[in-house]
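Residues per chain, in single letters:
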Amino acid sequence: MKKHRDKEVVIKVEDLSISFSTDHGRLHAVRGVSFELYRGEVLAIVGESGSGKSVSAKTIMGILAPNGRVEGGRIMYGGEDLTKVSEEEFHRIRGKKIGMIFQDPLSSLNPIMRIGKQITEAIIINGNKLKLMYEDLIYEDNVAYRNALTKARGEIDTSAFQLRNLKIENKYKARAIREDKSLTGADKRAKLDELIEQIKAADMEHRALTKRIKAEYKPILAELKAKLKVAQKKAKAEVKAYHNELKAEYKKERDALRAEYKATKNVERRKELRASLKKARLDYVDKTRVTRQVAHDMAVKVMEEVGIPNAARRFRQYPFEFSGGMRQRIVIAIALIQNPDILICDEPTTALDVTIQAQILELLLRLKHERQLSIIFITHDLGVVANMADRVAVMYAGRIVEYGKVEEIFYNPKHPYTWALLSSIPDVDTKERLEAIPGTPPNMVYPPKGDAFAPRSKYAMAVDFIEEPPYFQVSETHFARTWLLDPRAPKVEMPKIVSERIRISLERAGKGGEFNG
Amino acid sequence: MVKKQQRRQVTFKQELVDQDIILSVRHLKQFFTSGRGANKLRTKAVHDISFDIKKGEVFGLVGESSCGKTTTGRSIIKLYDVTSGSVYFKGYRINAGSRWNEKEIKWKTIRTNREIKRLKKVLKADIKQEKLALKQKIKEAELDILAKSNPELAAAKRELAALLVTVQERKNIFTKDEYSFKTKIRDLKQALRDEIRERSDDSQDDNDIIVAEINKKYEGQMTRETKKFEKARKQFVKEQDKDSKRILELQSVIKTGEKNLAPALKNELAAEKLVIATKVKAECDHRIAELKEATAKVIAELKANLAEIVKTQKEKIAQIRYDMKHIDMDIMNKMQMIFQDPIDSLNPRMTVEDIIQEGLQIQGMKNRAENSKKVIEALEKVGLISDYASRYPHEFSGGQRQRIGIARALIMNPEFIIADEPVSALDVSIRAQIINLLNDLRDELGLTILFIAHDLSVVKYFCDRIAVMYYGNIVELTTSDELFRHPLHPYTKALLSAIPKPDPYSEKNRERILYNPFTAHDYREEKPTLQEILPGHFVLANSEEMDRYRQEIAELDKKAAAEEAAENARVAAQEVTPKTEAKSKAKKPQK
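As you go down the protein sequences, you meet chains C and Y in turn. All letters in the first sequence, in the order written, are residues 1 to 517 by the numbering used here. All letters in the second sequence, in the order written, are residues 1 to 591 by the numbering used here.
It should be emphasised that the hints constitute simulated quantities derived from the structure, not laboratory data. Please note that a few of the clues may not be correct.
Partial list, computed: chain C residues near chain Y (C-beta under 10 Å) [stated by the list, open to error]:
| no. | residue |
| --- | --- |
| 1 | S49 |
| 2 | G383 |
| 3 | A386 |
| 4 | F410 |
| 5 | A436 |
| 6 | P441 |
| 7 | P442 |
In silico lysine-lysine, DSS-like type, Cα no more than 30 Å apart, as pairs [what the hints assert, rightly or not]:
| no. | chain 1 | residue 1 | chain 2 | residue 2 |
| --- | --- | --- | --- | --- |
| 8 | C | K7 | Y | K44 |
| 9 | C | K97 | Y | K508 |
| 10 | Y | K493 | C | K511 |
| 11 | C | K458 | Y | K501 |
| 12 | C | K496 | Y | K508 |
| 13 | Y | K108 | Y | K44 |
| 14 | Y | K501 | C | K58 |
| 15 | Y | K381 | C | K458 |
| 16 | C | K496 | Y | K559 |
| 17 | Y | K184 | Y | K234 |
| 18 | C | K12 | Y | K508 |
| 19 | Y | K493 | C | K368 |
| 20 | C | K511 | Y | K108 |
| 21 | Y | K558 | C | K496 |
| 22 | Y | K266 | Y | K281 |
| 23 | C | K491 | Y | K501 |
For clarity, every value in this text was computed on a predicted model and none was experimentally measured. Even glycine gets a Cβ: it sits at the ideal position worked out from N, Cα and C.
Make the full structure from the sequences, and use the hints.
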């Protein structure tokens, strides 16, 4: 309660909706998801495959697949909306401020590149400090121009997307009409002609829109481009001047030292001068770019931090010379070397053994503590969630069905899906039989009406098939989307296996048999 | 004459069939060699494991990756050739390796030959000894005879012989001393060089002082050694000189003495000497013959033993080769495997129907229509609809693909299934479905299952008996209830503590037990073996660890009893409250 109010919100996702255009139609992967990530906390997103958890994470990083688009909502980070940030601007955020690690470490690593090179790749590529300075100077103009360009193209693209969807829908409708045996030939032809007319009209509209937008934006774009060119020239001159200044300074110092070297015959003094010359040169180079040596040292430091033994020697090894757990540590090192504030982990331990998984989780918690990271942890394993998370969001069919602090979710779950997840986990302590969740998640091309989990739920009521439940507040930090929490709903107890387990856990922790607060 | 070869049969152990043991793995060893020359590496994946699986039970094989459990599974089903050991399925030996037998032959041959060589050497030395003794005796006899007539000459000769021996021995000792001295000096010089190289640092100011100090230390030692040696050498030279002088004297005395010897006396001496010599030589020869005979007997015995061992082992190797060539495919079809990765184990270019009926086709049943019927049956058994038969694997989710893999195994009507980590690649919520499916199939079809996994929590529900493996050895083998009641081996405890539980309070305070094989055990004195500590509970330990484990079992039992008592008290308390409530309610209307 009081604790979390003091913490600041780092990422706030509001009502995010994402869909993909596929051959079968539009797939609504994420429908109106909202959550917050607080500084220094771990937020776990739990759900089955296909619940939309990876998609949300990828959208935060801006690496959504090309056939996906954000339908609505926003992702607030550092005062900007990440869904509206263009690709150019994203370079500053992706990797540098928000890092991500993926599921299979061998697929994330280049198998024929030495790992040292892979870890230092990012800092060397982004290490040209003069280039960074140049880009900084032209940043605003560049961004303005590119944003305008994207906006123009975006509007055209949206219209094209809608046209394409219309065409696909009509294709299916046409097939249905052709196969419909109740209509006569003439009827069919009439209906098909109708559909064709529809498409033609939409096409004409699209073309008119394109022309209009192009005409509208042409002068704006020309103006911005001119401004950009001016800014580029100016920036180039400025950077060059700066570089020349640095060079001159270095040369002056170097000449002075060289002169003294020639003058003196003292062996000690000569040694000192040699060291100073070296230092001067390194300082100069350091100001212009990140050298391989500097990058190597940074990489070795990070490798030691994530617990790779003999880091200096293993710098030159290949990924296949490491075990699975070690590879995942390398991936974490690559993510952390640019010192991001936020780390998104997409099922990082699913491919690993139980003991290695425990090591990697301990490592992540230690890094979180040392670097004050905020972590979004995506998984389908509730045991891992209990270990890592401070808050949990349970996702099903593109919606968050329960959201709250980890103790609340585990000791006071309210949604039937959470109950089902908790009762399907084998536990070393209890002696009950496993209860599987029957059925499979729904096809998100046709999002179900009402509660998506209702067909698989034992506690479904008639209203679950008609209307979707809103969020009911269980406590200040705990929300659940189920009609069972409505005051008009019948009293339903959670399944015995879950309540027994909760009771035993609470007793073992010495907090009595019931959960309160 | 042509020896009639006895007609061979595949090894069949009736006792296994009588005891209802469907799979018996005996002393399985699996080694993989790789690399050449200096980089040659022999990886011992499985290090001599043995276990039996009874008909109808589910046997779990648990361990981390690269502990050898997958290798075991694949060796049983003959995806690998076994290096050594045997696998018996339904009494028939289906897989065996002859490496141990070959090694037996090799090592026994080497040892026997070594022993024979040693005996021959000993014999040679003994003979030499005898001959030397003979010479000595003759010399003594000669001197005795001479002493009777010419005592001074005999005495002189005796003294000369003794002196020569002393001089030679002293020389030997001194050479050894000299050699050791030289080595010491050399080592000291090397140590001096090393230390200077290590500790001196040109850039430091006090470098010279340090170097001087090191030099002083070593110089001191060297001078001490040299002094000692010089003293010894002086002693040696003095004594040698004295003795050499004496030798020269004696030699001149003997020369003059012999010159003065009368020729007739000489002949007499020679004749007497001959008599004694022949007698002594005969004795010596007799003894030598005895020795030779004894040694020959022992060698013959050793060779006979070896021949026998070689014969038995060769017979076994021949039997193994015969068994491996004549496997009955009908028997092998009763053993099927379910693989780990549902994505990789299904051919993406074949439809589900093709995948499932591939086994039937390989066995020769090529009638498509009949096979289709069987495919539909199999699909329905695993809970998929028959429409899925014409689809491709990529159209299915992970859980469904795993079911297709199970259907592919079931269509062959197996009696024994090896499930190699069937649920590791699936979502946690789907694992329960697949495990329940396997359970139902087991009840329905009477299957026996070897379940390979790396997660103990999954294995707990499903398996009757569990074997925990670590780096190719079975460290604990017992029923699943017993394993969780009394986890004894430190590796089992480490595995248990690594499983994440869905319980935030306990997880946040969890202390994970780490297993370090080097510090957890002290196997210098006594090597561990798989021993039975409770009926049916085997653990890899040596005798002192067994005592420790017995104590632990006593403690665990006490704790469990206390917990159960507390639980009973709580249940009893709960039962009391509703009863008293009902009583009070019943009382009210009476008022």
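Comparing the hints with the structure gives:
1. S49: 6 Å, holds
2. G383: Given a least distance of 3 Å, the restraint on G383/C holds.
3. A386: At about 4 Å, which falls below the 10 Å cut-off, the nearest Cβ of chain Y leaves the hint on A386/C intact, so it holds.
4. F410: For F410/C, the interface hint holds, since the closest Cβ of chain Y sits about 5 Å away, which is under 10 Å.
5. A436: 4 Å, holds
6. P441: 9 Å, holds
7. P442: 12 Å, violated
8. K7/C <-> K44/Y: 54 Å, violated
9. K97/C <-> K508/Y: It holds: about 28 Å lies between the C-alpha atoms, which stays within 30 Å.
10. K493/Y <-> K511/C: 26 Å, holds
11. K458/C <-> K501/Y: 25 Å, holds
12. K496/C <-> K508/Y: 25 Å, holds
13. K108/Y <-> K44/Y: 23 Å, holds
14. K501/Y <-> K58/C: Holds, at about 28 Å.
15. K381/Y <-> K458/C: 24 Å, holds
16. K496/C <-> K559/Y: With a Cα-Cα distance of about 26 Å, the restraint between K496/C and K559/Y holds, given a limit of 30 Å.
17. K184/Y <-> K234/Y: 19 Å, holds
18. K12/C <-> K508/Y: 26 Å, holds
19. K493/Y <-> K368/C: Answer holds: K493/Y to K368/C is near 28 Å, not above 30 Å.
20. K511/C <-> K108/Y: 68 Å, violated
21. K558/Y <-> K496/C: Distance ~29 Å between K558/Y and K496/C Cα, so the pair holds.
22. K266/Y <-> K281/Y: Roughly 22 Å between the alpha carbons, so the hint for K266/Y and K281/Y holds.
23. K491/C <-> K501/Y: 29 Å, holds
Hint violations for this structure: numbers 7, 8, 20, all remaining hints satisfied.
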